[in-house]
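A.B. asks: As you go down the protein sequences, you meet chains A and B in turn.
At position 338 of the first sequence the residue is numbered 338 (the working numbering), and the sequence of numbers has no breaks.
At position 105 of the second sequence the residue is numbered 105 (the working numbering), and the sequence of numbers has no breaks.
Where hints are given, some of them may not hold.
[Said to hold, decoys possible] Capping the alpha-carbon separation at 25 Å, the derived lysine-lysine pairs in BS3-like fashion look like this: (1) B:519 to A:443; (2) A:503 to B:426; (3) B:519 to A:426; (4) B:313 to B:40; (5) B:450 to A:507; (6) B:126 to B:313; (7) B:133 to B:146; (8) A:426 to B:313; (9) A:78 to A:313; (10) A:507 to B:426; (11) B:519 to A:174; (12) A:450 to B:93; (13) B:313 to A:507; (14) A:450 to B:503; (15) A:443 to B:93; (16) B:443 to A:93; (17) A:444 to B:232; (18) B:126 to A:444; (19) B:507 to A:426; (20) A:519 to B:507; (21) B:444 to A:443; (22) B:503 to A:443; (23) A:444 to B:507; (24) A:426 to B:503; (25) A:503 to B:443; (26) A:519 to B:93; (27) B:93 to A:507; (28) A:519 to B:503; (29) A:426 to A:93; (30) B:40 to A:519; (31) B:443 to A:507.
For the record, the hints were derived by calculation from the structure and aren't laboratory data.
Protein chains: 2
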Amino acid sequence: MLNWNNLNQVKAFEKLQALRDHVRLQDVMAGEQGAERVKKYSVPMAGGLTYNFAAKQVDDEVLEALGKLAEETQLTEKYEALYNGEVINTGEKRLVLHQLTRGQLGAPVVADGTDKRSFYVGEQEKVAAFARKVHAGEITNAEGQKFTTVVQIGIGGSDLGPRAMYLALENWAKQNGQFRMEARFISNVDPDDAASVLKSIDVSRSLFVLVSKSGTTLETLTNESFVKNALKQAGLDPARHMVAVTSETSPLAKSSDYLAAFFMDDYIGGRYSSTSCVGGAVLSLAFGPEVFARFLQGAHEEDELAKNPELLKNPAMLDALIGVYERNVQGYPATAVLPYSQALSRFPAHLQQLDMESNGKSVNRYGEPVDYVTGPVIFGEPGTNGQHSFYQLLHQGTDIVPLQFVGFRENQAGMDVEIQGSTSQKKLCANVAAQIMAFACGKKDENPNKSFAGGRPSSIIIGDQLTPEALGALLAHFENKVMFQGFVWNVNSFDQEGVQLGKVLAKRVLAHETDGALKSYSDLLNI
Amino acid sequence: MLNWNNLNQVKAFEKLQALRDHVRLQDVMAGEQGAERVKKYSVPMAGGLTYNFAAKQVDDEVLEALGKLAEETQLTEKYEALYNGEVINTGEKRLVLHQLTRGQLGAPVVADGTDKRSFYVGEQEKVAAFARKVHAGEITNAEGQKFTTVVQIGIGGSDLGPRAMYLALENWAKQNGQFRMEARFISNVDPDDAASVLKSIDVSRSLFVLVSKSGTTLETLTNESFVKNALKQAGLDPARHMVAVTSETSPLAKSSDYLAAFFMDDYIGGRYSSTSCVGGAVLSLAFGPEVFARFLQGAHEEDELAKNPELLKNPAMLDALIGVYERNVQGYPATAVLPYSQALSRFPAHLQQLDMESNGKSVNRYGEPVDYVTGPVIFGEPGTNGQHSFYQLLHQGTDIVPLQFVGFRENQAGMDVEIQGSTSQKKLCANVAAQIMAFACGKKDENPNKSFAGGRPSSIIIGDQLTPEALGALLAHFENKVMFQGFVWNVNSFDQEGVQLGKVLAKRVLAHETDGALKSYSDLLNI
Numbered sequence: 001m002l003n004w005n006n007l008n009q010v011k012a013f014e015k016l017q018a019l020r021d022h023v024r025l026q027d028v029m030a031g032e033q034g035a036e037r038v039k040k041y042s043v044p045m046a047g048g049l050t051y052n053f054a055a056k057q058v059d060d061e062v063l064e065a066l067g068k069l070a071e072e073t074q075l076t077e078k079y080e081a082l083y084n085g086e087v088i089n090t091g092e093k094r095l096v097l098h099q100l101t102r103g104q105l106g107a108p109v110v111a112d113g114t115d116k117r118s119f120y121v122g123e124q125e126k127v128a129a130f131a132r133k134v135h136a137g138e139i140t141n142a143e144g145q146k147f148t149t150v151v152q153i154g155i156g157g158s159d160l161g162p163r164a165m166y167l168a169l170e171n172w173a174k175q176n177g178q179f180r181m182e183a184r185f186i187s188n189v190d191p192d193d194a195a196s197v198l199k200s201i202d203v204s205r206s207l208f209v210l211v212s213k214s215g216t217t218l219e220t221l222t223n224e225s226f227v228k229n230a231l232k233q234a235g236l237d238p239a240r241h242m243v244a245v246t247s248e249t250s251p252l253a254k255s256s257d258y259l260a261a262f263f264m265d266d267y268i269g270g271r272y273s274s275t276s277c278v279g280g281a282v283l284s285l286a287f288g289p290e291v292f293a294r295f296l297q298g299a300h301e302e303d304e305l306a307k308n309p310e311l312l313k314n315p316a317m318l319d320a321l322i323g324v325y326e327r328n329v330q331g332y333p334a335t336a337v338l339p340y341s342q343a344l345s346r347f348p349a350h351l352q353q354l355d356m357e358s359n360g361k362s363v364n365r366y367g368e369p370v371d372y373v374t375g376p377v378i379f380g381e382p383g384t385n386g387q388h389s390f391y392q393l394l395h396q397g398t399d400i401v402p403l404q405f406v407g408f409r410e411n412q413a414g415m416d417v418e419i420q421g422s423t424s425q426k427k428l429c430a431n432v433a434a435q436i437m438a439f440a441c442g443k444k445d446e447n448p449n450k451s452f453a454g455g456r457p458s459s460i461i462i463g464d465q466l467t468p469e470a471l472g473a474l475l476a477h478f479e480n481k482v483m484f485q486g487f488v489w490n491v492n493s494f495d496q497e498g499v500q501l502g503k504v505l506a507k508r509v510l511a512h513e514t515d516g517a518l519k520s521y522s523d524l525l526n527i
Numbered sequence: 001m002l003n004w005n006n007l008n009q010v011k012a013f014e015k016l017q018a019l020r021d022h023v024r025l026q027d028v029m030a031g032e033q034g035a036e037r038v039k040k041y042s043v044p045m046a047g048g049l050t051y052n053f054a055a056k057q058v059d060d061e062v063l064e065a066l067g068k069l070a071e072e073t074q075l076t077e078k079y080e081a082l083y084n085g086e087v088i089n090t091g092e093k094r095l096v097l098h099q100l101t102r103g104q105l106g107a108p109v110v111a112d113g114t115d116k117r118s119f120y121v122g123e124q125e126k127v128a129a130f131a132r133k134v135h136a137g138e139i140t141n142a143e144g145q146k147f148t149t150v151v152q153i154g155i156g157g158s159d160l161g162p163r164a165m166y167l168a169l170e171n172w173a174k175q176n177g178q179f180r181m182e183a184r185f186i187s188n189v190d191p192d193d194a195a196s197v198l199k200s201i202d203v204s205r206s207l208f209v210l211v212s213k214s215g216t217t218l219e220t221l222t223n224e225s226f227v228k229n230a231l232k233q234a235g236l237d238p239a240r241h242m243v244a245v246t247s248e249t250s251p252l253a254k255s256s257d258y259l260a261a262f263f264m265d266d267y268i269g270g271r272y273s274s275t276s277c278v279g280g281a282v283l284s285l286a287f288g289p290e291v292f293a294r295f296l297q298g299a300h301e302e303d304e305l306a307k308n309p310e311l312l313k314n315p316a317m318l319d320a321l322i323g324v325y326e327r328n329v330q331g332y333p334a335t336a337v338l339p340y341s342q343a344l345s346r347f348p349a350h351l352q353q354l355d356m357e358s359n360g361k362s363v364n365r366y367g368e369p370v371d372y373v374t375g376p377v378i379f380g381e382p383g384t385n386g387q388h389s390f391y392q393l394l395h396q397g398t399d400i401v402p403l404q405f406v407g408f409r410e411n412q413a414g415m416d417v418e419i420q421g422s423t424s425q426k427k428l429c430a431n432v433a434a435q436i437m438a439f440a441c442g443k444k445d446e447n448p449n450k451s452f453a454g455g456r457p458s459s460i461i462i463g464d465q466l467t468p469e470a471l472g473a474l475l476a477h478f479e480n481k482v483m484f485q486g487f488v489w490n491v492n493s494f495d496q497e498g499v500q501l502g503k504v505l506a507k508r509v510l511a512h513e514t515d516g517a518l519k520s521y522s523d524l525l526n527i
């Protein structure tokens with residue numbers, strides 16, 4: 001029997017609160033002690049990655065307290081319940097099955113009369129077969145020409161994750177002979193978004209992937225119309241250029257407007273859908289089904305690691321609990337995600353959705369207000385770019401912002417240059433190492449304006465190269481981290497009721513059924 | 001005589017602190033009172049823009065207190081000192097003259113024996129003449145072909161601002177016959193960044209703009225080598241494909257490696273350099289010098305407005321002071337920038353640098369620690385995309401995050417589609433209006449999970465269209481807002497010592513002169 005208690009009812013949390021400011025990074029990261037920490041505080045992940053948390057404000061005592069918190073809040077038991085098909089999304093009364101898109105973690109999950117793993121695998125196979133036909137020139141445009149570009153039309157989870165994953169592997173695929181088609185993305189209802197993408201491609205050689213689980217997303221349907229108009233104006237038949245990714249019950253599912261339809265279901269939230277057909281269609285078309293399968297494999301192996309009840313062997317759980325310590329005990333308001341990899345340029349935007357939409361909640365699983373803070377603000381840009389931008393505040397600002405670095409020993413594109421005795425890749429890596437230490441230990445200077453207080457915690461995920469497996473592991477790590485944090489905070493990480501009110505009011509504006517300030521704003525904007 | 005006092009020594013601040021939680025948005029924004037606020041709390045800006053702050057937690061009493069704070073902290077007097085050439089950047093002992101790149105605001109400023117306005121105008125004219133020759137085919141590649149692409153090589157302020165401005169005007173320029181050359185940007189020392197850009201362009205038809213004030217920025221010099229290698233490998237002479245934007249004293253200034261050199265100086269900080277040659281070269285090449293001049297004109301007009309000591313006629317000062325109220329009285333830790341315009345997709349990243357690098361400081365102008373919070377975390381993505389992502393936390397999370405919306409009545413690209421009775425542009429505008437009200441007033445629901453507390457403050461900048469003038473005004477508004485906030489917090493907004501330590505340590509890593517934890521991290525990363 002699982003206990004779903006609020007964090008401030010958990011005994012282990014009391015102990016943890018007593019450990020506020022227990023570890024002074026400036027001390028523990030100095031000298032040989034620091035060197036030892038870097039070697040010791042390291043946990044293997046899947047995809048050849050390592051989670052290193054030496055520069056976090058923890059020691060064996062804090063870790064023990066976090067371990068007890070994990071036990072008392074039954075984190076791995078709750079995860080087990082989730083992947084075995086319990087109704088974890090209590091708000092919407094749904095199972096939560098995104099992990100099942102990449103592998104079977106426990107018992108078979110049967111829902112709606114179907115084995116769900118078989119259903120997800122079946123849809124992947126449909127996507128793979130379709131993508132192979134496109135690549136082989138068996139599915140073409142009306143003139144028999146091969147498609148060269150795939151354009152995803154979707155918003156939120158149907159955009160941010162797949163887009164971030166595509167960018168993450170684009171150079172890798174080109175360098176490794178796996179690049180099949182260029183991908184582009186249309187998301188915003190701002191007509192300039194679709195216009196800009198359409199102007200930059202040859203629509204006659206483009207395949208559009210329309211992604212909407214419900215089949216009713218306003219932005220996506222609007223952009224579909226936009227694209228269909230453009231296709232018709234070019235003398236093309238839209239039905240030969242479009243596929244749908246949707247749920248079986250959606251209005252798009254059986255429409256003759258599409259070359260094919262691939263299915264997801266209500267058990268996969270948008271922000272968790274990169275490993276479903278939502279990511280699968282565009283990624284399989286862009287890089288081939290084999291690359292997508294490798295991506296899934298990395299994610300599955302990471303999911304397996306998250307089962308381990310031993311805190312120090314479960315990187316996602318560890319990362320999650322350190323985050324709770326920083327948020328609820330140390331009182332830090334935000335977290336920065338800083339990948340030292342240009343390929344991960346949009347990964348922070350994906351994590352921003354994943355984390356803030358999942359855990360930006362004020363009520364617990366029973367709808368009762370919680371009286372502690374939950375999900376933090378998440379933001380970030382790739383290094384070294386960020387160093388020349390907002391790092392000033394991270395180093396010398398009045399707030400402490402915990403940092404999540406990611407770095408790789410090798411680049412993806414296989415082009416590099418040596419100047420001043422080192423390659424660009426070495427410079428990139430040297431910078432991330434230097435930043436971790438600058439944040440942790442700081443440096444005194446006679447001029448206070450040039451002093452660095454230090455004591456600013458960070459962790460780093462390190463790998464050899466950003467491969468499909470590494471990317472899958474990275475994605476699953478953060479999904480599972482967010483899940484564990486939701487369990488600790490006792491919130492439902494899988495609904496998003498906070499997005500509804502705006503939709504309702506926007507409809508009212510468009511129907512001109514407004515009064516008061518909403519009417520005044522509508523007038524101001526000439527609606 | 002100017003007083004430079006800490007915020008907590010300012011009497012008007014005491015009064016302001018007594019007004020914490022003085023205004024309940026759920027009340028004042030409801031009914032006719034709300035409609036009146038929208039009409040009343042509105043200030044004209046340059047470029048046809050309006051700053052509307054009806055949904056901020058202020059009323060006439062709070063505004064009066066803010067006005068007294070402005071007076072006592074001498075905000076417009078300090079601005080006057082700045083544009084008249086006082087050494088406002090005390091840390092580096094420099095004048096602060098970026099406003100002078102777009103117009104003369106006060107007395108002539110003579111420094112280094114030169115009238116600085118004439119100097120900036122002279123460089124703009126050099127850029128304009130060069131750009132016209134490139135467009136006319138008088139400056140070409142070795143084969144006499146016109147250049148079709150301009151690639152900016154720079155990082156931080158030499159990248160984020162110019163890139164955001166380019167993206168902001170790209171569609172507008174295409175639609176208005178002002179599009180001359182495509183622009184691309186290389187910034188990161190990650191070699192995959194340069195590799196990716198180079199693979200996507202025809203280098204034989206590309207002109208590279210190398211931007212580094214000091215001429216010593218590691219990333220930029222590394223990427224220059226990278227590009228030169230690529231040019232040589234393509235059998236091209238790099239000197240025929242590169243121009244430099246730098247200071248007159250830099251090693252790049254008189255090198256025969258460049259077709260031309262354009263100058264800025266130490267009085268223009270990187271993050272304030274979009275209106276200098278740093279933005280001027282790439283924007284004049286991409287859109288023509290006339291468009292760049294219109295952009296400067298918008299910025300200059302906004303700078304003029306910032307002179308007004310009357311709070312309600314000075315939108316930048318008003319925005320700044322409301323931000324101080326939110327940060328130091330209400331205690332909100334972050335601010336989100338949410339442009340409802342895909343063209344402004346990278347504008348939040350520019351503001352993130354502008355704001356966080358300027359005011360992320362813990363010591364005052366005299367190097368003494370301050371005991372109040374200064375610059376907040378800044379983040380954002382364009383709407384409606386953000387609505388399907390992190391807005392969940394903004395609506396229902398445990399922290400309140402003040403919001404800065406931007407919206408336009410018309411799109412740029414001139415393509416739109418009507419479905420369900422409205423165009424995409426109307427839908428976009430309806431969404432921003434709806435969001436403001438949802439955040440301000442919230443909505444009670446029997447199910448607490450579907451309840452919205454409201455009380456979440458926002459402002460909106462509204463314009464007809466994102467034109468060059470509007471963009472200039474928007475940019476200057478935020479530059480001046482950040483400047484005024486720096487004055488209130490009594491920090492130096494124009495240096496960035498917080499970026500230095502990381503550079504020093506990175507050099508040590510590359511020289512293999514490390515021990516302790518830094519050595520361990522270097523080993524982990526195979527440096």
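A.B. asks: Next step is simple, just say for each hint if it's right about the structure.
C.D. replies: Results of checking the hints against the structure:
{"no.": "1", "hint": "B:519 to A:443", "verdict": "holds (17 Å)"}
{"no.": "2", "hint": "A:503 to B:426", "verdict": "holds (14 Å)"}
{"no.": "3", "hint": "B:519 to A:426", "verdict": "holds (14 Å)"}
{"no.": "4", "hint": "B:313 to B:40", "verdict": "holds (12 Å)"}
{"no.": "5", "hint": "B:450 to A:507", "verdict": "holds (18 Å)"}
{"no.": "6", "hint": "B:126 to B:313", "verdict": "violated (36 Å)"}
{"no.": "7", "hint": "B:133 to B:146", "verdict": "holds (10 Å)"}
{"no.": "8", "hint": "A:426 to B:313", "verdict": "violated (52 Å)"}
{"no.": "9", "hint": "A:78 to A:313", "verdict": "holds (17 Å)"}
{"no.": "10", "hint": "A:507 to B:426", "verdict": "holds (11 Å)"}
{"no.": "11", "hint": "B:519 to A:174", "verdict": "violated (34 Å)"}
{"no.": "12", "hint": "A:450 to B:93", "verdict": "holds (14 Å)"}
{"no.": "13", "hint": "B:313 to A:507", "verdict": "violated (34 Å)"}
{"no.": "14", "hint": "A:450 to B:503", "verdict": "holds (13 Å)"}
{"no.": "15", "hint": "A:443 to B:93", "verdict": "holds (23 Å)"}
{"no.": "16", "hint": "B:443 to A:93", "verdict": "holds (23 Å)"}
{"no.": "17", "hint": "A:444 to B:232", "verdict": "violated (46 Å)"}
{"no.": "18", "hint": "B:126 to A:444", "verdict": "violated (45 Å)"}
{"no.": "19", "hint": "B:507 to A:426", "verdict": "holds (11 Å)"}
{"no.": "20", "hint": "A:519 to B:507", "verdict": "violated (58 Å)"}
{"no.": "21", "hint": "B:444 to A:443", "verdict": "violated (51 Å)"}
{"no.": "22", "hint": "B:503 to A:443", "verdict": "holds (13 Å)"}
{"no.": "23", "hint": "A:444 to B:507", "verdict": "holds (19 Å)"}
{"no.": "24", "hint": "A:426 to B:503", "verdict": "holds (14 Å)"}
{"no.": "25", "hint": "A:503 to B:443", "verdict": "holds (13 Å)"}
{"no.": "26", "hint": "A:519 to B:93", "verdict": "violated (51 Å)"}
{"no.": "27", "hint": "B:93 to A:507", "verdict": "violated (55 Å)"}
{"no.": "28", "hint": "A:519 to B:503", "verdict": "violated (53 Å)"}
{"no.": "29", "hint": "A:426 to A:93", "verdict": "violated (50 Å)"}
{"no.": "30", "hint": "B:40 to A:519", "verdict": "holds (14 Å)"}
{"no.": "31", "hint": "B:443 to A:507", "verdict": "holds (16 Å)"}
Comparing the model with each earlier hint shows violations of hints 6, 8, 11, 13, 17, 18, 20, 21, 26, 27, 28 and 29; every other hint is respected.
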